[in-house]
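Peer 1: Sequence lines, in order, name chains X and P. Heads up: the first sequence runs through residues 1 to 92, numbered per my numbering. Heads up: the second sequence runs through residues 1 to 290, numbered per my numbering.
Worth flagging that the hints you see were computed from the coordinates, not collected in a lab. Hints may contain errors.
[Stated by the list, open to error] Ranges of calculated distance between the beta carbons of each label pair, as one might list FRET restraints:
#, chain 1, residue 1, chain 2, residue 2, range
1, P, ILE236, X, ALA10, 29 to 37 Å
2, X, ARG39, P, ARG18, 40 to 48 Å
3, P, PRO12, X, ASP25, 27 to 35 Å
4, P, SER152, X, LYS6, 16 to 24 Å
5, P, SER152, X, PRO61, 41 to 49 Å
6, P, GLY157, X, ASP25, 54 to 62 Å
7, X, ILE50, P, GLU44, 23 to 31 Å
8, X, PRO61, P, LEU71, 42 to 50 Å
9, X, ARG39, P, LYS261, 23 to 31 Å
[What the hints assert, rightly or not] Mimicking SDA-like on lysine to any residue, the simulated pairs with C-alpha atoms at most 20 Å apart in a straight line are:
#, chain 1, residue 1, chain 2, residue 2
10, P, LYS45, X, CYS67
11, X, LYS51, P, ARG21
12, P, LYS198, P, PRO49
13, P, LYS228, X, ASP40
As the structure is a prediction and not an experimental result, all values here were calculated from the model. C-beta atoms are modelled at their ideal positions from N, C-alpha and C, and glycine is treated no differently.
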Amino acid sequence: MQYWRKPLDADKIQVPHGEIHIVRDRCKGCGFCVEYCPRDVLELSKQFNIKGYHPPEAVLPEACVHCQLCEMLCPEFAIFVTLREEVETIES
Amino acid sequence: MSKQNNNLPEHPMERLLRMDRIPHIWCSTCGIGTAVSCFISALEKFEYPMDKVAIVSGIGCTGRVAGYIKLDSFHSTHGRAIPFATGLKLANPELKVIVISGDGDLSAIGGNHLIHAARRNMDITVICVNNFIYAMTGGQSAPTTPLTANSSTAPYGNSDPPFNLPLLVGSCGATYVARWTALHIRRLTKSMHEALNKKGFSFIEVIAPCSTLYARRNRLGTGLDLMKFYHDNSEIKHGAPLEELDINFQQKIIVGKFIDKEKPTFVDNWNNWLSQKLGSKFVPYGVAKA
């Protein structure tokens with residue numbers, strides 16, 4: 001993560017990591033998750049799913065911070081995030 | 001499902017969804033699915049036995065919600081979701097009854113039921129997903145279609161002023177009134193959780209994009225473009241005067257929590273009045289059965 005100034009409590013803040021799961025064949029390619037992901041983790045893939053839509057794919061999976069915005073915004077219940085154990089502090 | 005999905009863990013919302021009916025029928029970029037996932041998140045936080053929660057829907061795109069949520073649910077006739085919910089609540093006061101339906105179903109065909117349930121302060125929660133149009137039947141004008149917006153029954157633009165739903169239910173006496181768009185997911189979830197815990201008639205209007213009819217007929221792009229429009233043009237104003245909440249075509253949408261007050265419910269009023277009139281002869285209804 002890049003900051004223009006290092007936060008004073010940087011050693012206390014811990015950034016969680018999420019693991020993204022995409023149910024590709026349930027997706028209808030609306031692009032809500034791609035548009036609103038705050039870390040630009042997702043992108044619409046070039047491949048088709050079984051219904052002929054382009055499901056998203058995680059192009060920057062290590063940037064996910066487990067905010068679960070995509071999970072709440074997805075109208076198809078097709079994407080969700082689980083918490084990975086690894087937690088980094090801001091300094092790293 | 002393709003082979004690559006076999007190792008996926010279960011989606012956390014699958015516990016409250018009827019997975020044999022998923023994928024649902026809503027179009028790509030429709031906002032109803034987002035409203036449902038907010039509702040499921042609110043239900044997960046709601047500390048109440050889930051076998052005492054009932055969902056009632058009317059007819060229309062949003063009317064399908066009752067069929068997708070794995071709780072006791074009923075898909076009632078057009079406009080009659082609130083009378084059915086009223087009967088359910090009065091027959092078994094222990095139930096938490098939630099009505100999820102569309103703007104056309106609740107405010108046009110069921111308009112009288114809506115205002116009288118609010119007037120009598122029936123203890124139910126009403127979630128109205130407003131997409132400005134009758135979407136399932138081909139895009140006819142609804143009572144919420146904004147002035148000048150195009151619909152299949154108004155090809156030159158709508159000439160009738162629309163309902164201001166928070167003003168309508170607020171002036172009839174609802175105890176909780178809020179409006180959010182489908183993009184305000186966290187605030188909408190919080191609002192739904194508050195409404196579920198509210199005693200009395202609570203009403204939440206969810207502005208949701210309709211891509212296939214409203215956006216296409218009005219040349220507004222897809223539902224994603226409407227979401228971007230909500231992002232740029234909605235203003236959060238808690239406690240705003242209800243008269244200012246009119247929605248005009250492609251103009252600013254005021255969202256927020258407008259009313260949150262306490263009032264005796266229908267059953268409270270009934271019990272108070274009859275125990276005054278009849279004294280010890282009267283057995284209060286719906287309190288401490290056990």
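Peer 1: Would you mind marking each hint as holding or not holding in the structure?
Peer 2: Hint check:
| no. | hint | verdict |
| --- | --- | --- |
| 1 | P:ILE236 <-> X:ALA10: 29 to 37 Å | holds (31 Å) |
| 2 | X:ARG39 <-> P:ARG18: 40 to 48 Å | violated (33 Å) |
| 3 | P:PRO12 <-> X:ASP25: 27 to 35 Å | violated (19 Å) |
| 4 | P:SER152 <-> X:LYS6: 16 to 24 Å | violated (58 Å) |
| 5 | P:SER152 <-> X:PRO61: 41 to 49 Å | holds (44 Å) |
| 6 | P:GLY157 <-> X:ASP25: 54 to 62 Å | violated (40 Å) |
| 7 | X:ILE50 <-> P:GLU44: 23 to 31 Å | holds (29 Å) |
| 8 | X:PRO61 <-> P:LEU71: 42 to 50 Å | violated (34 Å) |
| 9 | X:ARG39 <-> P:LYS261: 23 to 31 Å | violated (41 Å) |
| 10 | P:LYS45 <-> X:CYS67 | holds (17 Å) |
| 11 | X:LYS51 <-> P:ARG21 | holds (16 Å) |
| 12 | P:LYS198 <-> P:PRO49 | holds (16 Å) |
| 13 | P:LYS228 <-> X:ASP40 | holds (16 Å) |
In this structure, the hints that do not hold are numbers 2, 3, 4, 6, 8 and 9, in rising order.
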